[in-house]
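S.K.: The task is simple: from the sequences and hints, build the whole structure.
Protein chains in written order, with the working numbering: chain A, 90 to 169; chain B, 250 to 520.
Everything labelled a hint here was simulated from the structure, so no lab data went into it.
List time: in silico SDA-like cross-link candidates among lysine to any residue, alpha-carbon distance up to 20 Å: (1) A:99 to B:439; (2) A:106 to B:437; (3) B:260 to A:117; (4) A:103 to B:396; (5) A:106 to B:436; (6) B:260 to B:395; (7) A:100 to B:437; (8) A:106 to B:429; (9) A:149 to B:406; (10) B:411 to A:119; (11) B:327 to B:303; (12) A:106 to B:443; (13) A:106 to B:432; (14) A:100 to B:442; (15) A:99 to B:436; (16) A:100 to B:431; (17) B:260 to A:116; (18) A:103 to B:442; (19) A:106 to B:454; (20) A:100 to B:444; (21) A:129 to A:149; (22) A:106 to B:444; (23) A:100 to B:434; (24) B:260 to A:115.
Since the structure is predicted, the reported quantities are computational estimates derived from the model, not experimental observations.
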Amino acid sequence: MSLFGFLKKKKSAKRAKDRLNVAIALDRDSNVYPYLDQMKQEIMQIVQKYSKIKDVRINKEKVEDQDILDIEIVLEDSTR
Amino acid sequence: MGIVFSVISGKGGVGKTTTSANLAIGTALQGKKTVVVDFDIGQRNLDMILGLENRVVYDITHVMEGDVKLNQALIPFKKSKNLYFLAASQTKDKSVLDKEKVGRLIEELKEEFDYIFIDAPAGIESGFEHAVYYADAAIVVVNPEVSSIRDSDRAIGIVDAKSKKSQEGKRVAKYLIINRINPELVQKGEMLSSEDILDILEIDLLGKVPEDQFIIEASNTGHPVILNDRSEAGKAFERISRRLCGEEVPFVDVETPKKAGLLKSIKKMFS
Ligand SMILES: Nc1ncnc2c1ncn2[C@@H]1O[C@H](COP(=O)(O)OP(=O)(O)O)[C@@H](O)[C@H]1O
Ligand SMILES: [Mg+2]
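M.R.: This is how it looks when you write it as structure tokens:
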């Protein structure tokens, strides 16, 4: 390494920390609702008793500090 | 009533078995009636680390299936009358673990012992949930290395989601042990420091254990490193054991290299 090389190159531990912070934040976010798939199945079963549906879509959102589950039930096209 | 400590990690090979063995000996030497249970079904290891591999007749499965009484399967540790060991079975079939059966075993152990250490399989293994279900506290072992730290965060997530206490709305205490610290690398900025790791994982520090050659010797001979008073890792495990027994033991800096002797530094100058 050149005399002032250390000024340019970030130490690897620092890079590890930065990368871990991002990776773990993403991991945590995707693991907040581990039951999501099961819930989706159950919602579909219930709604299907009353009307034909195409799909159930669940989106996780964060509005300011509030977590929101946005559940969208897409019905079968009934005009056909 | 005993306290159940599950010794966990995300990925394997970070030092759970080493930690379980040493902390069990350490707390037993502090006077706690202790049992250490190998829950890594199909990968029995703790018996060798404790030097008890020739003493295993019955294992955890025999007890859970009701083939033998608990006392018949508990193996005493020679160097401390307070310590007993319960072996894992070598069958690969992890379905032998059943929540009710595990529960009955843990209840029985809690009647007889102050401290129960569970040497868990890695967080990705199927037996993991059983090993943490009845935990009062999780001892999380990591190495200062990205994949170990990332995976440990997931393992902690499983404890928070799946353990009995969490499901009852209670808190499972979580303590971090950073194992295999290389002080030279930390000083050079090429290894994550304990401070960095605590920042990332946001759990309480229980102890820092340096990388130590004596650990290989210890596993070769079946005498865990805590019994070796020349070993820095052994001393670290002893400090952690005291902390687990409620003593306030200051954290020692294991991240600054020990001053090399004069001869060594001279040699370094010319190398
Ligand atoms: N502080 C340490 N210094 C040197 N080697 C270590 C240290 N801790 C663990 N090891 C070694 O790392 C390997 C894995 O340890 P082990 O306790 O079996 O991990 P796990 O139970 O998590 O799979 C073993 O060979 C052990 O001797
Ligand atoms: Mg192990």
